[in-house]
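Enquirer: Single-letter residue listing:
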Amino acid sequence: MTRRSPLVFGLIGAGCALLALEAMHSKLMTPAGAARMARSAELVRRAGLTDLALFTEARFARNPALADLHTAFQDSPLSFEHFPSGTFAPRPAAGFGQGTLRFGTEEDAR
Amino acid sequence: MTPWVRRQQALADYTLAAMARRRVKNIGLLLIYALVIFVIASATLFSTALRHEAEIVLAEAPELIVQNLVMGRHDMISAEIIEELEAIRGVGGVTGRLWGYFYDRVNGANYTLMVPLDPKMVPPAGQALFGEALPRTRGLGWDTAPLFLSRYPGDLFRLDPAGRLSHESALVSADLILLGEEDFRAFFDLPPAVYTDIAVSIRNSREIDTIVAKAGKLLPNARLVTRDEISRTYQKLFYWREGIMVAMAGASVLAFAIFAAEKASGLSAEETREIGILKAIGWDTRDVIAMKLWEGGLISLGAFLFGTGLAYLHVFAFDAALFASVLKGWSVIYPDFRLTPMIDGVQLTALFFLTVLPYTAATIVPIWRAATADPDQVMR
Amino acid sequence: MILQVPILALLLGSALASAVALWAACFAIRVLRGWDITNGSGQQLALERATQLVSTLFGLVMLIEIAALFLFVFNADRMATLFVGAMCAVGTFNANAWGFPALTLKIAVFFAAALWLRLDRLDRAGHDYPLTRVKYAAILGIAPLLLANAAAELAYFLNLKTDVITSCCSKLYTPANAGLAAEMTGLAPGRALWLLAICGLAVALAGGAVLLRGRGARLLALAGIAFFLAALTAIVSVISLYVYDHPNHHCPFCLLKRDYGYFGYALYIPLFAGTALAAGVGMMRALPRSDSLAAITPLAIRRHTRRALAAFALFGAAVLWAIASSQLILFG
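Residue numbers (numbering that gives the first Met the number 0), protein chains in the order written: chain A, 0 to 109; chain B, 0 to 379; chain C, 0 to 331.
Hints should not be assumed to be uniformly reliable.
[What the hints assert, rightly or not] Calculated cross-link-like contacts (lysine-lysine; reagent style DSBU-like; alpha-carbon spacing at most 30 Å):
1. B:K213 - C:K170
2. C:K160 - C:K256
3. C:K256 - B:K216
4. C:K160 - B:K213
5. B:K262 - B:K24
Calculated from the structure, these hints are not laboratory results.
Generate the whole structure from the sequences, applying the supplied hints.
Expert: This is the structure in structure tokens:
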């Protein structure tokens with residue numbers, strides 16, 4: 000009866016070891032990764048980039064953080080959700096607009 | 000060894016023997032369970048690593064971007080504004096940025112053409128720095144092969160490579176063509192003294208809010224985007240992406256929970272007899288429940304370990320091959336990037352909550368029902 | 000609401016916990032009305048059977064809630080980047096009015112869970128389930144707490160919006176403000192350390208008395224709770240300064256950040272564990288005596304006293320290490 004348990008515990012142990020190895024791997028990779036990211040960040044700083052080059056399928060998807068000349072609807076009125084990237088970008092959380100009308104300069108300065 | 004430990008050990012031994020007798024059924028359950036965990040874990044690991052990378056890399060983006068809006072749309076910004084912005088106290092440097100897109104009819108890709116902010120990085124006239132994906136998608140075989148861009152039929156614009164941007168920064172630079180200002184203006188037929196937008200560097204990050212307010216007053220029509228906003232955009236994007244993935248996987252978790260409940264409540268005749276015998280030889284209901292919890296615990300633990308372990312390999316050794324096509328969409332250019340592995344307690348705990356909890360919740364009542372049945376009833 | 004995986008996990012956990020709590024509370028009323036272990040009627044048998052399920056389920060829920068506290072705090076720290084002006088978990092909790100109530104309730108649930116699990120273990124150890132009535136009365140008390148916790152958490156997460164302007168810890172933990180946090184911050188570092196030392200001494204004395212003379216378990220519980228409060232005060236008032244090497248940074252949540260080597264966990268985990276264990280010792284002494292537990296309770300009390308003392312000692316060692324390894328000199 001007890002013959003089974005070494006095998007199963009061995010498998011569980013192997014799973015634990017796999018996860019532990021991976022945790023160790025990620026620890027070992029951290030300095031190299033940080034150095035690589037620092038070099039990317041250096042490129043971002045020197046070139047003055049603002050966005051990741053993840054969504055290149057359409058011009059309006061390339062710079063989600065900025066508005067640009069080539070906004071949605073430019074190709075056709077139906078092109079708003081033309082590309083799959085649209086599924087990944089959330090609706091602005093605060094809704095559209097700031098929610099308040101601002102008058103006067105004191106308020107702006109705050 | 001305390002009696003408690005000894006008892007648990009004996010229970011584990013018995014459970015394993017019992018599980019081994021129903022090997023196929025348990026292995027099948029384990030595999031499906033591990034698959035469900037694998038999908039969720041892959042999504043979590045992938046998005047956490049991307050989020051981390053975006054956070055670190057975009058921390059060096061310009062502190063403030065000033066964009067001109069005309070009739071609600073982005074428009075070129077005049078160079079005169081640079082001086083106005085420079086006059087604001089606390090502003091370190093103001094530079095006009097030139098960037099634009101080019102749709103390449105040869106391969107259907109969109110490139111981003113840009114003049115680097117740092118003058119030392121600007122390539123000489125007629126030359127350009129290419130992002131990682133460009134030579135790949137245009138089939139530029141050798142390092143010195145020139146790139147020809149055609150803006151309209153019959154047109155050819157030649158750019159000689161001044162170098163290639165490193166492969167390791169592909170995530171920010173895959174589709175970039177960095178070129179000099181004269182070339183850029185000539186290529187897009189752009190008048191002098193206008194820029195796409197303006198990058199403002201601010202020495203003291205605590206003053207960003209004040210300076211944004213002042214710039215807003217100075218240029219009421221402009222759109223001001225701060226570095227924090229850029230960074231938050233990506234944080235939200237990847238949180239959302241991950242959430243959608245997991246919410247979709249939630250359906251499979253639910254299906255799995257129903258499957259597990261079904262399996263646990265429809266005990267086979269053999270299992271029922273086994274429980275009956277155990278109770279007849281003096282096992283307590285508590286012992287039976289503990290044994291069944293051991294069984295569930297072993298299956299959960301095994302599935303969790305292997306699902307997560309494989310997900311790590313999938314994301315970091317095989318570059319999330321199963322997700323790439325989803326993220327890639329219709330892009331011709333997709334950066335060939337390798338993420339730096341990240342694994343932490345929050346991910347693992349959240350994953351554990353999302354997978355083991357439904358399984359346990361689904362199986363515990365059937366387990367109890369089987370365990371409390373009278374021996375004579377079961378054996379009959 | 001922010002669609003985020005740890006939030007989904009926490010909401011799933013508290014939804015399941017609430018469902019179990021409601022059902023267990025309904026069952027607890029039946030137990031309190033009709034429980035009689037000497038009765039052999041079918042009704043009592045059915046009740047006894049069902050207690051197995053309820054105890055197992057509720058025990059699992061309690062374990063989950065303990066893990067949920069960790070997830071809740073760690074994730075709040077992680078999400079701070081989404082809010083304007085937030086540096087650490089404080090900003091996330093401050094992002095709407097429900098954050099800190101949810102955290103307080105979670106901590107309350109944590110201690111209730113630790114005590115209830117202890118009670119359950121003790122009850123199962125006695126062959127005639129001597130503590131069943133106490134246990135189910137406790138469920139009736141804990142269930143509203145769990146529901147309130149789930150409600151506060153839901154309200155918090157549903158109202159959570161990114162990009163809102165929240166306040167950073169440096170605005171909350173300054174002596175200039177009014178309120179408890181400011182009071183704690185304003186306490187003189189020397190006095191806070193003395194207070195902590197006195198409470199530590201009380202814990203050590205009470206623990207010693209329990210181990211050597213078998214008396215003073217309730218005192219140990221009281222001393223443990225006093226130590227907990229003194230320790231939280233001291234963390235805000237002085238220990239955080241040493242960790243940050245900064246004379247004015249009082250935040251008890253920034254300690255949990257990676258920048259400070261997750262040092263906060265070395266402080267909070269032993270502190271919470273020690274307090275829960277010490278309170279558990281007091282609770283075991285206060286329980287109604289029964290024959291079946293006469294031999295078991297004293298042993299459990301001694302074992303848990305040892306563990307509580309060890310946990311507090313770990314906390315003390317972490318504090319001393321923070322002070323010794325710091326560049327900051329506050330005294331002398």
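Enquirer: Provide an ascending list of the numbers of those earlier hints which the structure does not satisfy.
Expert: Violated hint (a single one): 3; every other hint is consistent with the structure.
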